[in-house]
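**Student:** What follows is the residue order along each chain.
Number of protein chains: 4
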Amino acid sequence: MPRLFSYDHFAGGSESVRAFANKHSPVIICDTETQRNKPFNVKVRIGKTVKHPNSPEHHYQYIQLWNLETLIATIKLERASFGDLPIHIEANFTFVPKVSLRLRALAYCNKHGLWQSEEVFVKVIGEEGEELH
Amino acid sequence: MPRLFSYDHFAGGSESVRAFANKHSPVIICDTETQRNKPFNVKVRIGKTVKHPNSPEHHYQYIQLWNLETLIATIKLERASFGDLPIHIEANFTFVPKVSLRLRALAYCNKHGLWQSEEVFVKVIGEEGEELH
Amino acid sequence: MPRLFSYDHFAGGSESVRAFANKHSPVIICDTETQRNKPFNVKVRIGKTVKHPNSPEHHYQYIQLWNLETLIATIKLERASFGDLPIHIEANFTFVPKVSLRLRALAYCNKHGLWQSEEVFVKVIGEEGEELH
Amino acid sequence: MPRLFSYDHFAGGSESVRAFANKHSPVIICDTETQRNKPFNVKVRIGKTVKHPNSPEHHYQYIQLWNLETLIATIKLERASFGDLPIHIEANFTFVPKVSLRLRALAYCNKHGLWQSEEVFVKVIGEEGEELH
Numbered sequence: 221m222p223r224l225f226s227y228d229h230f231a232g233g234s235e236s237v238r239a240f241a242n243k244h245s246p247v248i249i250c251d252t253e254t255q256r257n258k259p260f261n262v263k264v265r266i267g268k269t270v271k272h273p274n275s276p277e278h279h280y281q282y283i284q285l286w287n288l289e290t291l292i293a294t295i296k297l298e299r300a301s302f303g304d305l306p307i308h309i310e311a312n313f314t315f316v317p318k319v320s321l322r323l324r325a326l327a328y329c330n331k332h333g334l335w336q337s338e339e340v341f342v343k344v345i346g347e348e349g350e351e352l353h
Numbered sequence: 221m222p223r224l225f226s227y228d229h230f231a232g233g234s235e236s237v238r239a240f241a242n243k244h245s246p247v248i249i250c251d252t253e254t255q256r257n258k259p260f261n262v263k264v265r266i267g268k269t270v271k272h273p274n275s276p277e278h279h280y281q282y283i284q285l286w287n288l289e290t291l292i293a294t295i296k297l298e299r300a301s302f303g304d305l306p307i308h309i310e311a312n313f314t315f316v317p318k319v320s321l322r323l324r325a326l327a328y329c330n331k332h333g334l335w336q337s338e339e340v341f342v343k344v345i346g347e348e349g350e351e352l353h
Numbered sequence: 221m222p223r224l225f226s227y228d229h230f231a232g233g234s235e236s237v238r239a240f241a242n243k244h245s246p247v248i249i250c251d252t253e254t255q256r257n258k259p260f261n262v263k264v265r266i267g268k269t270v271k272h273p274n275s276p277e278h279h280y281q282y283i284q285l286w287n288l289e290t291l292i293a294t295i296k297l298e299r300a301s302f303g304d305l306p307i308h309i310e311a312n313f314t315f316v317p318k319v320s321l322r323l324r325a326l327a328y329c330n331k332h333g334l335w336q337s338e339e340v341f342v343k344v345i346g347e348e349g350e351e352l353h
Numbered sequence: 221m222p223r224l225f226s227y228d229h230f231a232g233g234s235e236s237v238r239a240f241a242n243k244h245s246p247v248i249i250c251d252t253e254t255q256r257n258k259p260f261n262v263k264v265r266i267g268k269t270v271k272h273p274n275s276p277e278h279h280y281q282y283i284q285l286w287n288l289e290t291l292i293a294t295i296k297l298e299r300a301s302f303g304d305l306p307i308h309i310e311a312n313f314t315f316v317p318k319v320s321l322r323l324r325a326l327a328y329c330n331k332h333g334l335w336q337s338e339e340v341f342v343k344v345i346g347e348e349g350e351e352l353h
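Those protein sequence lines, which keep their order, are chains A, B, C and D. The opening residue of the first sequence carries number 221 in my numbering; numbering runs sequentially from there. The opening residue of the second sequence carries number 221 in my numbering; numbering runs sequentially from there. The opening residue of the third sequence carries number 221 in my numbering; numbering runs sequentially from there. The opening residue of the fourth sequence carries number 221 in my numbering; numbering runs sequentially from there.
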């Protein structure tokens, strides 16, 4: 399979290795609880604290948001939409959850491959089947 | 070329024709002025006032945001992320403008083709070349 | 709408203008007749006779194949998959037609926008409803 | 991470489990050797020997071709382009390799997630650095 990188793989590395992993890591930012069948917003930012380049030769191409094995949406970035300087690219996903979520973001850098965020759990109040418990 | 539909084409039609066009029309919602080199948010909503179906047989597949002939980004929607009821799907685009914008949203319905929004002008304060005036 | 360029817009221009349009124009290459419900192949080549650059700053990003207002498929090109020299990029679409086709290819250059091919008609033998005639 | 399924995970299962995995597995079909800087064709077929449904509720959405951690291209399938019956969907990738390839196909089913093919090695004659050996 294509290797799926994450910050954890590099957390024990040198400062420069950690900076490399830091700037490539997608970070999920959202509420930890929401209502069923209401629009829910999830922001994905590239880079924990270090900005990633956005040059023609080196930039992020797309970001996906997944709920376990289910794809929620894909945002295809056009490089020129984000200027020429290093940047924390942010992408916003809006969708309508039915059940509690275990979210992961995947993001593809044209030089350094596919990176995943940490998993984020979101409790969905009123989810299907909840009345049974 | 693939036909590019817009509400205007149908505005003189019967009530049901206008409802058809209404629910298919992407609408751009954003500030009319922003700063250069700052992230700028543009919301695109499908449907002026009428909700569009979101069934397996009939749903929106993707939304693009364009600045004149330049593509800003593409959001690929997964149908199941938006429930099974008619809905105003909303997609959020975040990007970093350098120059003033003439925005159009394009959105593709799997049954009724490619629809465009009205054009929206956004003044970008401090845009390149502005110091010359 | 985003401007939709085609070779015809530039055919009356100078030699350099025509070369510009030539290298940006998608060309559809396929049989003019096929069988219903059989896989059918359509090749789209970028550039009539002049090769288009494939540099980080200037390259084609995606190619779509349309049958009138219906999207058949989208091929997202990764620039680095095609080397660094000017090239006739080729993309192959395989699908299963039910009815006769009026095909157009659309292709997006990151510098010069969205270009369409000429329309190509493909007769589909045994298409739905044909038995009525 | 989103789970990445492959036939091997299910090879020890019952006949119905193996049929489930069989029909979801992407298969790479290509030459095992090619020339550097020449267009190279890779066919990806969904399903080893069992056809996958292509209904509005259950179908394949996209196919990607990867060389290790590098994405070669993404083909976004429109369901209606492939009829309503179970089918071996085929997608054709054409690209220009510089170095020997370790290919994987990834394909996303809207009901059963992301599936990968077996890895296929392709020797690229005249690859960069080969003159050194």
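Incorrect hints may have been included.
Every beta carbon over 10 Å from chain A, so not counted as near; a handful from chain B, in silico [as the list claims (entries may be wrong)]:
1. 243
2. 252
3. 289
4. 293
5. 295
6. 298
7. 300
8. 301
9. 311
10. 313
11. 329
12. 330
13. 343
DSSO-like cross-link-like pairs, simulated, lysine-lysine; straight-line CA separation at most 27 Å [what the hints assert, rightly or not]:
14. C/243 with C/331
15. A/258 with B/318
16. B/263 with A/258
17. D/318 with C/271
18. A/268 with B/318
It is worth saying that the hints were derived from the structure and are not from the lab. Small disclaimer: the values here were computed from a predicted structure and weren't measured. Positions of the beta carbon are idealized from the N, C-alpha and C atoms, including for glycine.
**Student:** With reference to the structure, classify each hint as holding or not holding.
**Tutor:** Now the hints, each set against the structure:
1. 243: holds, 17 Å
2. 252: holds, 19 Å
3. 289: holds, 12 Å
4. 293: violated, 6 Å
5. 295: The claim breaks: residue 295 of chain B does not keep its Cβ more than 10 Å from every Cβ of chain A (closest is about 5 Å).
6. 298: The claim is violated: residue 298 of chain B sits with its nearest Cβ about 5 Å from chain A, within 10 Å.
7. 300: Non-interface label on residue 300 of chain B violated, nearest chain A Cβ at 7 Å vs cutoff 10 Å.
8. 301: violated, 4 Å
9. 311: Given that some Cβ of chain A is not farther than 10 Å from that of residue 311 of chain B, nearest at about 7 Å, it is violated.
10. 313: violated, 8 Å
11. 329: Holds, since 17 Å exceeds 10 Å.
12. 330: holds, 16 Å
13. 343: Fine: 18 Å to the nearest Cβ keeps residue 343 of chain B off the interface.
14. C/243 with C/331: Holds. Residue 243 of chain C to residue 331 of chain C sits at ~13 Å (cutoff 27 Å).
15. A/258 with B/318: violated, 34 Å
16. B/263 with A/258: Distance of about 17 Å is within 27 Å: holds.
17. D/318 with C/271: Since the Cα atoms of residue 318 of chain D and residue 271 of chain C sit roughly 19 Å apart, the hinted pair holds (cutoff 27 Å).
18. A/268 with B/318: holds, 25 Å
In summary, the structure is inconsistent with hints 4, 5, 6, 7, 8, 9, 10, 15 from the numbered list given earlier, while agreeing with the others.
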